[in-house]
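Novice: Use these hints to put chain R onto chain U, whose structure you have.
Protein chains: 2
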Amino acid sequence: MIGQERQDQQQDWIILQTKSEAAKADYFDSIFFQGNGYVGVRGFQDEYITCEDYHRTTFINGVYEYIKKDISDMVNTPNFFSIEISTMGKSEKLSTVTSADCVDGSYKRSLNLEDGVLSKKFQSRLEDGTLDVSIDRFLSMADTHLAVQRLSLTSIDFEGDIEVTFSIDGNVRNNTIHDEQLKSEKNPVFLLAPVRYEKHDDYLLLVEKTPYSEITLAEAMCIEISPDTQVLQVTSSVLENSRNLSYHIRIHITPGQKAVLCKKVCVCTSRDPEVWVDPAEECIKKILQTASLSWNILFSSHSAAWAQRWADSDIQIVGDKRSQLEVRFAIYNLIVNYPVNDPKCSIGARGLTHGRYKGCYFWDTEIYMLPFYLLTNPESAKNLLKYRHNTLNMARASARDFNLSGARYSWMCTSDGSEQCETWDTGSSEIHITADIAYAVDQYWRITGDDDFVAQYGLEMLVEICRYWVSRFSYDANTETYNLLWVKGPNEYGGVTVNNTFTISLAIYGFETAKKMLQMVKEKYPELYQATCKNTSFREDEILKWNQIALHIHISYDNARNLLLEDDLFMLGEPVDISCLKTDNQPLYKKISFDRLQRMRVLKQADILLLMGLLPEKFTDAQKRAAWEFYEPITLHDSTLSFGTHSWVGAMFGYDEKAFDYFQKSAGIDLRNIMNNTAEEGLHLAAFGSTWMTVVFGFAGLSLRGGEILLNPHLPDSWKSISFPFFYKNKKYLCRVDREDATAKTLVQEVS
Amino acid sequence: MIGQERQDQQQDWIILQTKSEAAKADYFDSIFFQGNGYVGVRGFQDEYITCEDYHRTTFINGVYEYIKKDISDMVNTPNFFSIEISTMGKSEKLSTVTSADCVDGSYKRSLNLEDGVLSKKFQSRLEDGTLDVSIDRFLSMADTHLAVQRLSLTSIDFEGDIEVTFSIDGNVRNNTIHDEQLKSEKNPVFLLAPVRYEKHDDYLLLVEKTPYSEITLAEAMCIEISPDTQVLQVTSSVLENSRNLSYHIRIHITPGQKAVLCKKVCVCTSRDPEVWVDPAEECIKKILQTASLSWNILFSSHSAAWAQRWADSDIQIVGDKRSQLEVRFAIYNLIVNYPVNDPKCSIGARGLTHGRYKGCYFWDTEIYMLPFYLLTNPESAKNLLKYRHNTLNMARASARDFNLSGARYSWMCTSDGSEQCETWDTGSSEIHITADIAYAVDQYWRITGDDDFVAQYGLEMLVEICRYWVSRFSYDANTETYNLLWVKGPNEYGGVTVNNTFTISLAIYGFETAKKMLQMVKEKYPELYQATCKNTSFREDEILKWNQIALHIHISYDNARNLLLEDDLFMLGEPVDISCLKTDNQPLYKKISFDRLQRMRVLKQADILLLMGLLPEKFTDAQKRAAWEFYEPITLHDSTLSFGTHSWVGAMFGYDEKAFDYFQKSAGIDLRNIMNNTAEEGLHLAAFGSTWMTVVFGFAGLSLRGGEILLNPHLPDSWKSISFPFFYKNKKYLCRVDREDATAKTLVQEVS
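Sequence order for the protein chains is U and R.
First residue of the first sequence? That's 20 in our numbering, and the numbers climb one at a time after it.
First residue of the second sequence? That's 20 in our numbering, and the numbers climb one at a time after it.
So that you can see chain U by itself, here it is in the shape it has in the complex:
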């Protein structure tokens, strides 16, 4: 592969910035996010920093600290990518941000999605001549506790001394952000307290701790200097008061000469999935091992790990270069925001890319992201569900707090599963999350066939979830109906309403799933069945109640139109012309109060249509079309979950043209900043998940729900082909859909 073709293919992997503009700095900080699942760093500039310290975030999944009673925030940990470069004695600092010294047109920054390396190049024109500067950094995918950063300085016609300072900068705070979408506060606080800062011959070490959640964080740093670099002096400083560890390297450089300096950082915490005896000791061990490994060696194991991830998850699109890049950007971010091996955490709505929503996990994980992991890396999907099993006791406690039975999952939560939502209507009423988790258990089982997981973990969750629903429905003897009162569905403009169809339908589906699983486990794992029954005090006659409720629910339905209604109150809302109300992509809740919006017959995001997408076999084509024709025109898409759902479901339902329109909005939600909030809120993980779902379940039309592999493609007009691998019941397949030939070619190979 040579010349143009090679270059084109590279372009399908690279996000490029060719100008450093202050106004777009936050946007690029989001877009250039790097991660390896364990740790995530926003794409802020390496050198002299202008953004506020609480925007310069480095988050470690699962590291949370209390900010008030029972409420926590994801902790901003030290910035280990800090570099300062200055010419000696003249206090001239080299920087792309101040840019006074940056040669016009020389600046270029790029994120390579293929290996997650963020690279920056620029030329710096100084008093004593011009220098080429280049900085590359990555978070190792081979060892997720390792971060590497390399600075290369090449003199064009510069001669003189330069001082480079490599730091771990702990002087970064959290700005605790209010849940409510319309409130903004500024309240920066340190969530980590220094424990000890140490200077050793070969490395520097810091140990910090969250005072209340008592998580210990250790970071160690060492440096490596290329042999042909002319080093004048190397010193280090450890300043506990200013939370700073630094190496100061003075070099001399002459025209034509190149100096290469490499910083290596190890990060360990007391809550890592590996469970260290002492995170500081582990950190020291790692940094000493790493010290002797060159950039090339570290990079090659890192990129090999990435190659394996892409081999299992890449989607190749022929005929649409923009979509190709955007889909890869989605996949990249789904990979770098979850660590595969950690059953004690899940994925925040903004992953590790931003502190929005205090880093909390939502239903987004189970409904919008899980499918990607299920089909590309079943082990990580299993751990995501194990997280829900690990927090089952908290869900039980939550049900008791609400004076209900069984287990009630929190609308927003972190490591311990406790409710983190501080607004009453949402936290108390958006109860479909509990049904969504039961749905996810079923989906996991359908796609992996992992009976063991169900017997060991899934069944216990399902039994408790069913018990929750039994206690949550209210029986009305007058109409002999079980009603779900004061419930909020996925359409968050729908108010706290009565008999939300989405929630009821998934609750009933949970009963069906539980019955199926009880049967399977009883037959195949009689001992585990007995253990679960004992452990949960389950009696088989509880099933009678599930059947009774399923027979006596109330679903609002317009027979004349074959139309499934969102809830009992939806049709009381005032019809409005949304084209007059919404004239741009700005969410309407920024102009109209939630109180007013809930009395309008509009949707913030898909509700009934999402239900039909999740359970397509439960509805007729006529019902699906009636729902689409009724709801789609009155949906405002004021949630970033909405475009993706409409593209995926639209394609499934045969609305190919609209589906592609919605796909383009969902796929570009961050790269093209469609909702105008990528800079301030970070990246939208669920939109990435639904972008992936659109290609796989919508455009390729893959269906795995019926026990076999089905394809019903709806390829966009401009696309020549799609191909992607996927895992199904322990085997790996390759799916390829061509414009001419709409059948799936399957390659069967055993999963290692």
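Please keep in mind that the hints were generated in silico from the structure rather than gathered at the bench.
Treat the hints with care, since some could be wrong.
Any copy, or any two copies together, can satisfy a pair, since identical chains are not distinguished.
Cut-off 30 Å, straight-line C-alpha distance, at most; resulting in silico cross-link-like pairs (DSS-like, lysine-lysine) [said to hold, decoys possible]: (1) Lys609 x Lys87; (2) Lys88 x Lys610; (3) Lys637 x Lys38; (4) Lys610 x Lys564; (5) Lys228 x Lys553; (6) Lys564 x Lys601; (7) Lys401 x Lys535.
Specialist: Frame of chain U; chain R shown alone:
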């Protein structure tokens, strides 16, 4: 009048404490609350204080300071009743609280409701002998800016020196209290900042200011010592840093001798209804005038003012001494918590007796307290409604914030009328407050006949309130119905519901009232009518919409049972046995979550029954009985508003025995601490109002709604007679109901 009879009559006026117990200190601090409408002081001990400074509150109506963006708290102002007494050089302090030196059985404290004087007596046994100590204090009803405190020391067999320190102690803070009934926080802050502290020959002065709301407070103090007191030295100290002004008086006392020391304090602020040029200057003027007036002179004008208030408002009950005292306690507290002459403030749910709910005003004022003021002091009732007119522009702004028309009154507010409720469901949904204010305008007009007020103020409010309702109803073309969606009625366990009957009925009553008033003003005040139309851009065809809505509302009604239903969802609630749930007077929300309670078919407090009490002419006897029989047994009375409503409405509806039971709970709510929250939350002003309403509208059966005076008495069995004065259309009447003779004897006399 001599002997037993005189003593009995005195007992009908006096609240007595005969033992100082730490465990009951907060309760007595509430019960011994003193006020004059302008300023209110909890009944904390004068000398050496054990309670937290933020429980030692001195509130001035209308003085609020911001505690966060848009949210304010009632400011705890300096404690001007501070006294310290010690024997010289031995640091022995005389105190009823430490009580080590207090002679057994000598302690007695009493509040005389007749003149609002709080008196304390005890004997102190010291090393050098025994002393009689007595302290009296009052807040002048003749000049509300004046507070007086007198210390008398009588030596029995003591000889020695004593130092008395009289202070104004500004070292008091606010503990900002969360709205939600289940959250408690401790966050004491100073809301006043010192401006200047001055020492003069004749007085001491402090000036302080609230930094954000910019209210200036000035307080001055002087002392007077009885001529036969042997004074050794008088010094004063002004300590701005510790926010303290003090006089230190050293005296010598010998057996048989009596020393009397009197402290006088003046208080003025920049927001007083009198509008001073400079509150500090005014304060100085007042203290200099007061300096020459003796306790006796100050007391005699004070008690004359009280005598006038009682002459217009006392209820005499023969045959039930406990009820007599409790009813007077209610009237006393209604008098001392509102200043008569201030149209810029209203009455907090706990008046000036406690900082609960940030000192906010609720619907409690219009529905539960206004009747008392209307019938006993119409001027104050007028000012309470003028306060709502003064905040009409804020109500207009609030309607706009909710994307609605007209004026929307805030659920909780203070001087400026802005919404102070921080919980979403209540603040957004408990919209009946706006209808309650329209009802209050009508009631004011019916009882005073004050057409001028309506023409000048009432009509403008009514027009804007009607417009609010027009925009708040949602039209459903399908059923041709105007629905009130997402609304919370008085029963706060009823959830955010649909078509709350109470709210709809009072909204429609507002339309009727507005039409009636428009007609009256148009005929009688054509110029003011034109001015109001112009000012509000009112067009007469707006009335067509009011009529249309009134014709097409939806009220849930059970025809078979003649039963008016609370809302469209109430009957979907689960029937429960409340006797199993509620086993004591503890509100159930302390055991069961609000989320769970709202799905039970229970009431926190009266809803439909209250509506029937407010608009008795709109319902048949059969409807009233059906409602009582259905709702009363499922009401939990978890609001202090509930007992009073049930006693008042119960008596009106002929449930005499139950009415008296409820009356006893309502009347004793604080004196007998029925809900066990008098100590921690202060006094319940609305319960006082409804206690008064029960006697007047229930037991005496007075009705003034029909344009004439009607009496339909339901005298409790144990009562021999009730008599009370009242004002009706500018005339004062005396109502007397005897067991034998159930007619009202009316004394007609012109109101001065």
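Novice: The structure should be examined with respect to each hint, and the outcome stated for every one.
Specialist: How the hints compare with the structure:
no.: 1; hint: Lys609 x Lys87; verdict: both (28 Å within a copy, 22 Å between copies)
no.: 2; hint: Lys88 x Lys610; verdict: between (33 Å within a copy, 20 Å between copies)
no.: 3; hint: Lys637 x Lys38; verdict: neither (52 Å within a copy, 74 Å between copies)
no.: 4; hint: Lys610 x Lys564; verdict: between (46 Å within a copy, 27 Å between copies)
no.: 5; hint: Lys228 x Lys553; verdict: neither (40 Å within a copy, 67 Å between copies)
no.: 6; hint: Lys564 x Lys601; verdict: between (46 Å within a copy, 28 Å between copies)
no.: 7; hint: Lys401 x Lys535; verdict: within (19 Å within a copy, 70 Å between copies)
The earlier numbered hints that this structure contradicts are 3, 5.
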